[in-house]
Amino acid sequence: MNFLNQVGAILWKDILTEYRTKDVLTSMLIFGLLVILMFHFAFEPDSLEAEKFGPGLLWMTFIFAGILGMNRAFAGERENDSLQGLMLAPVDWGAIYLGKMLANLVFMLLAESIILFCFALFFNFSLLPRWGWMVAITLLGTLGFASVGTILAAVSMNTRMSDVILPILLLPIALPVVIGAVESTAAILTDPPGESLTFWVRFLVVFDVIFITLPLLLFDFVLEE
Amino acid sequence: MKLIRVHALSTFIAMLIALYAIFIFAPTERTMGFIGEVQRIFYFHVSSNWTTFLATFFVFLCSILFLLKERREWDIRAATAAELGALFGTIGLITGILWAKPVWGIWWTWEARLTSFFLLWLILLGYQMLRRVVDSPAQRAKLSAVFGILAAVDTPIVYMANRWWRTQHPAPVIAGGAGSGLDARMALTLCITLAAFTLLYFYLWRMRCELERAGDVIETLQRQLQTQGMEVR
Numbered sequence: 067m068n069f070l071n072q073v074g075a076i077l078w079k080d081i082l083t084e085y086r087t088k089d090v091l092t093s094m095l096i097f098g099l100l101v102i103l104m105f106h107f108a109f110e111p112d113s114l115e116a117e118k119f120g121p122g123l124l125w126m127t128f129i130f131a132g133i134l135g136m137n138r139a140f141a142g143e144r145e146n147d148s149l150q151g152l153m154l155a156p157v158d159w160g161a162i163y164l165g166k167m168l169a170n171l172v173f174m175l176l177a178e179s180i181i182l183f184c185f186a187l188f189f190n191f192s193l194l195p196r197w198g199w200m201v202a203i204t205l206l207g208t209l210g211f212a213s214v215g216t217i218l219a220a221v222s223m224n225t226r227m228s229d230v231i232l233p234i235l236l237l238p239i240a241l242p243v244v245i246g247a248v249e250s251t252a253a254i255l256t257d258p259p260g261e262s263l264t265f266w267v268r269f270l271v272v273f274d275v276i277f278i279t280l281p282l283l284l285f286d287f288v289l290e291e
Numbered sequence: 107m108k109l110i111r112v113h114a115l116s117t118f119i120a121m122l123i124a125l126y127a128i129f130i131f132a133p134t135e136r137t138m139g140f141i142g143e144v145q146r147i148f149y150f151h152v153s154s155n156w157t158t159f160l161a162t163f164f165v166f167l168c169s170i171l172f173l174l175k176e177r178r179e180w181d182i183r184a185a186t187a188a189e190l191g192a193l194f195g196t197i198g199l200i201t202g203i204l205w206a207k208p209v210w211g212i213w214w215t216w217e218a219r220l221t222s223f224f225l226l227w228l229i230l231l232g233y234q235m236l237r238r239v240v241d242s243p244a245q246r247a248k249l250s251a252v253f254g255i256l257a258a259v260d261t262p263i264v265y266m267a268n269r270w271w272r273t274q275h276p277a278p279v280i281a282g283g284a285g286s287g288l289d290a291r292m293a294l295t296l297c298i299t300l301a302a303f304t305l306l307y308f309y310l311w312r313m314r315c316e317l318e319r320a321g322d323v324i325e326t327l328q329r330q331l332q333t334q335g336m337e338v339r
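So the sequence lines, in the order shown, correspond to chains A and B.
The first sequence begins at 67 in the numbering used here and counts up by one.
The second sequence begins at 107 in the numbering used here and counts up by one.
Quick caveat, the hints were computed from the structure, so don't treat them as lab data.
Since this is a predicted model, take the numbers as computed values, not measurements.
All C-beta atoms, glycine included, are put in the ideal place defined by N, C-alpha and C.
The reader is advised that the hints may include incorrect statements.
Reference excerpt, derived from the structure (chain B facing chain A, CB under 7 Å, subset only) [claimed, not checked]:
#, residue
1, ILE203
2, LEU204
3, TRP205
4, LEU225
5, GLY232
6, VAL240
7, LYS248
8, LEU249
9, ASP260
10, ILE263
11, VAL264
12, ALA267
Calculated from the model, a selection of chain B residues having no Cβ within reach of chain A, i.e. all distances over 12 Å [to be verified]:
#, residue
13, ILE110
14, TYR126
15, GLU135
16, LEU300
17, GLN332
18, GLY335
The following block holds chain B by itself, in its conformation from the complex (with noise of 0.2 Å):
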């Protein structure tokens, strides 16, 4: 078989054994009452946003790679990292909004974590926009690497100001969070569904990675075809 079925069948079955694990295994949160069961997102949103955070320090190596090495497969890696983190990150933010209303009580607050990730969000989704205005795409790749090493510098740098800056001010109101004291089956549930999540990602990446391939490679085919006079549509 080959490796990518491999992979995928893996990462099908590990959603599977997460989704068992998340909607039956677990225990209910017994604090919350009867919203208890509204906790159970709490599993796909931190692991959402683990692979957005593995996304950003991919888009950052990836970067770092292809301006010492120029080549474009370093190009195709950082800008689908970017295109996932983007897309793990706006579930992350979601399941995060969803979860936070019936627990705290609000839809959103600005504690250091959110409002970073909130950022980092934002700066993935400028990143996006930055290549779609670029045409040359050599031009292209030199100046999202720059972006995105510059942006994935400045994240960390953001998150702590605003811890800092949250110290200076009077802290938001927040219950502790499910995080604090997990039961040990939820703990287990949580690192089977974060394993399923990275899977998920690095499956997703190849796929989209080979699609960006063969994007490239029609595109060469196309030009071969038209200096040889022939229409293509």
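Chain A on its own, in the form it takes in the complex (with noise of 0.2 Å):
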């Protein structure tokens, strides 16, 4: 098996094994549901403000599910003793991380589309006029927190409270992608869209190159025992 493969494989095992418990996915979905409702209580925006607030917020909805998915990353491999078995099999340690790391993004991405979906009615934002860039910063930036995320989730799971511990390390390091994706979102808001939109994208780009890479060289130490 080349490396894709082993990517693929381990993707596609993560998939299945969410497709049929779909635990992942409905609480990061409902926890998502729970911060807009509590949102809109704790400011009860008018229009103008859910636009000026809309962008930061729609990006913590985002970032609190996915550690919310994140802790699961690892936490299932522990409990079913499943880890010994994928690292004794003829993988490459970079193989798990990918599929982890986009087995991770492609939940994260499931639920953003339907958080996002819910944060355009409630708050009658209207993105469709420029869905592409959405799509386009929406997976750059999900790309560059699931690429931290997953890493750190590795380095939490072997410590004794990998909950807690996990945003502790996480939310500082994913910071650079808060502000981007935040920036950038909020740039498409406007009509025309903000001129710092390219930048914040490349930023993005940037952040991702990064941060997948650094993750990459330093796996195999994390798995180690």
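Reconstruct the complex from the two isolated chains, following the hints.
Given below as structure tokens:
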């Protein structure tokens, strides 16, 4: 099996597990909708305010829902003692990282698309005219978050309080994603789109490249006993 | 005389000179009126922040070296550097806040340097947290090295993102810091304080590493005694 097939196999295994249990997706979705509800009560935004705080809140929802998902990324492997099997399998450990990361990316994107739809519905956003940009930004931002999140989930899996420690490690490292994604989302809400749009999209691309390469180099050390 | 004694003594003397320079030698800042004396915090502030960055750099370096060589010594150095970074970062934050209030009129502003320094401080605290919750020493070393490297790469990115973010937003109103147009005596005082703090940092670092090594020795001894069936308190 070449490297890409290995990545594909691990991705497929995770998707299949999720398809049969639907644990992660459901909890991310319900949590995301709850955040939207809380947002309404915390700020009671009118349409202008919703436009101002919307991008920030949208990404906060994505990030917090994402952390829920990340926490489960390796927890299942641990509980079922299947991590050992995964490590003994004749695969490059980099493939385990990439497969897990892509699985997290897929779950987050699925949850995000529904959260985004509800968000636009509840707060009267019209993202339709620039949906292409919105898809690109969501993809890039989530990719960056998933790449950092997956390796830090693997780090915190080995600790005593993994679900508490993950946000403490992940949020500061993922901060550039939040800045880039919020700024570019805010830029597409104005008409015409803000000049900073292309700049922040490029920033996200650079972040993604750095933080996919670096975890690939470091992941072996995390798995080693 | 042993080298560590020389180091201790020179740190002590440098600190005394720095204190003299800060409180007696350096002129009082005039543009700030009667609160000009407050400006003397600046020397402590800049020096502790410099030390924090130095410590973070060493966390990065020692973490990489640890992953390459897998020697406990590099883990000790990275961990203790992170501890000192958190300590000096706390001093830097507090002195910064105390300085900002009389000079800028506000305790805090979300300016790029402040924001990224705050984040760096939180990362250094997170690093301490991570070390506390991993039971196996070998794993603790590896995991914290991985986190140390990720964090060190992340910090400059956050700083740049913050600066770019600011240029897209109305800039906060900040009086030109004391860094603009320093009096020669002030500049000299700053240099002395920086040197003194750097010496202090290396001294504390050495002592802290020594302490950690001693802890390792005690642990091995305890284990040896336990295998011989003796009770260890």
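Here is how each hint holds up against the structure:
no., hint, in the structure
1, ILE203, "violated (20 Å)"
2, LEU204, "violated (25 Å)"
3, TRP205, "violated (25 Å)"
4, LEU225, "holds (5 Å)"
5, GLY232, "holds (5 Å)"
6, VAL240, "holds (5 Å)"
7, LYS248, "holds (5 Å)"
8, LEU249, "holds (5 Å)"
9, ASP260, "holds (5 Å)"
10, ILE263, "holds (5 Å)"
11, VAL264, "holds (5 Å)"
12, ALA267, "holds (5 Å)"
13, ILE110, "holds (33 Å)"
14, TYR126, "holds (39 Å)"
15, GLU135, "holds (34 Å)"
16, LEU300, "holds (27 Å)"
17, GLN332, "holds (23 Å)"
18, GLY335, "holds (29 Å)"
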